[in-house]
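Can you build the whole structure from these sequences, using the hints too?
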Amino acid sequence: MWKAGVADISMNEQVREYLTGVCDLAFLEKRFGRLGRGIHRVLGRSFELITRGALPPEFRDLMHYPWTADDQRRFDSYLVAVRRLHRVTL
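Taking this note's numbering, the leading residue of the sequence shown gets 356, the next gets one more, and so forth.
Hints listed in this document are in silico derivations from the structure and should not be mistaken for laboratory results.
It is possible that some hints are incorrect.
[Stated by the list, open to error] FRET-style restraints, in silico, Cβ to Cβ: (1) Gly360 / Ile405: 29 to 39 Å; (2) Ala359 / Asp426: 37 to 47 Å; (3) Arg396 / Ala359: 37 to 47 Å; (4) Trp357 / Arg389: 11 to 21 Å; (5) Tyr373 / Trp422: 12 to 22 Å.
Predicted, not measured: the structure shown is a model, and the values here were computed from it.
Note that beta-carbon positions come from the ideal geometry of N, C-alpha and C, so glycine has one too.
Quick look at the structure:
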């Protein structure tokens, strides 16, 4: 079902910019000013990696998001850490 639906997805630059701002928390700057800017600067890159890593490759391609072997290793390390934390907190 996903594969069939991917062919119908289109992405223009305006939507791409909006979603990228959500992905890296840049939207918080407009919403919360200096506080949002601080959150964006501190957490934005991590949130961007997590969001991009969770996307199917087809969607990353539509968004023009690069994805390297290093990105995949960092994302995999994040998932290992989350699994460990989850086990500890149960």
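Now the hints, each set against the structure:
1. Between Gly360 and Ile405 the beta carbon distance is about 23 Å. The supplied range of 29 to 39 Å is therefore violated.
2. Distance hint check for Ala359 and Asp426: the Cβ-Cβ separation is about 27 Å, which falls outside the suggested range of 37 to 47 Å.
3. Our hint of 37 to 47 Å for Arg396 and Ala359 holds, since their Cβ atoms are close to 40 Å apart.
4. Distance hint for Trp357 and Arg389: a CB-CB separation of about 40 Å, inconsistent with the stated range 11 to 21 Å.
5. Evaluation of the 12 to 22 Å hint for Tyr373 and Trp422 yields a pass: the beta carbon distance comes to about 20 Å.
Violated hints, in rising order: 1, 2, 4; the structure is consistent with all others.
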